[in-house]
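J.: Sequence:
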Amino acid sequence: MKGLLAGLVALAALGVLFFFYTAEKAPPADMTEVEIAQIEAEVTQVIADRWVGFWETVLAKDYDEWASYWTTDTRVLQPGVDLSGTAWFDYVREFFDSGAEWHTFDIESFDVFVHGNVAYQIGQWDETATL
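The opening residue of the sequence shown carries number 25 in this note's numbering; numbering runs sequentially from there.
Just so you know, the hints here were simulated from the structure itself, not pulled from any lab data. Errors might be hidden in some of the hints.
[As the list claims (entries may be wrong)] Computed Cβ-Cβ distance ranges for the label pairs, DEER-style:
{"id": "1", "residue 1": "53", "residue 2": "102", "range": "21 to 29 Å"}
{"id": "2", "residue 1": "95", "residue 2": "63", "range": "21 to 29 Å"}
{"id": "3", "residue 1": "154", "residue 2": "63", "range": "24 to 32 Å"}
{"id": "4", "residue 1": "57", "residue 2": "106", "range": "33 to 41 Å"}
{"id": "5", "residue 1": "150", "residue 2": "106", "range": "29 to 37 Å"}
{"id": "6", "residue 1": "118", "residue 2": "66", "range": "31 to 39 Å"}
Glycine included, each C-beta is placed from N, C-alpha and C at the ideal position.
Model the full assembly from the supplied sequences, consistent with the hints where possible.
T.: Quick look at the structure:
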């Protein structure tokens, strides 16, 4: 398994990322384009802030806090890898427990969709780590 972990870390992690932002309520249907753009900008900033928190969690190797960023039905696709549910969480717990050190974690956001009180971020991340 450690060989698989090392091989996977060497690859650029590519996936579809979903981070959720929950507002107090959905915006009214009669919002102007300017109001919608403002909300989308605010949500995009919240997502960026969550990525900072996520990276800090990875560096601290805080598995429980890391797991709070994901839903139980998460599916991660990487070259040669398709992990979902408990398999994803088990993989990462083993990686954290292995003594791995992360060096870089770069996010490239392709798009952010805001639908009412939920936002979806689609993009990719590249990470480097050593065991």
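J.: Decide, hint by hint, whether the structure agrees.
T.: Now for the hints, and whether the structure bears them out:
Taking 21 to 29 Å as the suggested C-beta distance range, the pair residue 53 and residue 102 does not conform, at roughly 39 Å. Checked against the hint of 21 to 29 Å, the C-beta distance between residue 95 and residue 63 comes to roughly 23 Å, which is consistent with it. Checking the proposed 24 to 32 Å range against residue 154 and residue 63 shows it is violated: the Cβ atoms sit about 41 Å from each other. At roughly 39 Å, the beta carbons of residue 57 and residue 106 sit within the given window of 33 to 41 Å.
At about 19 Å, the beta-carbon gap between residue 150 and residue 106 misses the expected band of 29 to 37 Å. Restraint check, residue 118 to residue 66: a C-beta distance of roughly 37 Å satisfies the suggested window 31 to 39 Å.
The structure does not agree with the numbered hints 1, 3 and 5 stated previously, though it agrees with the rest.
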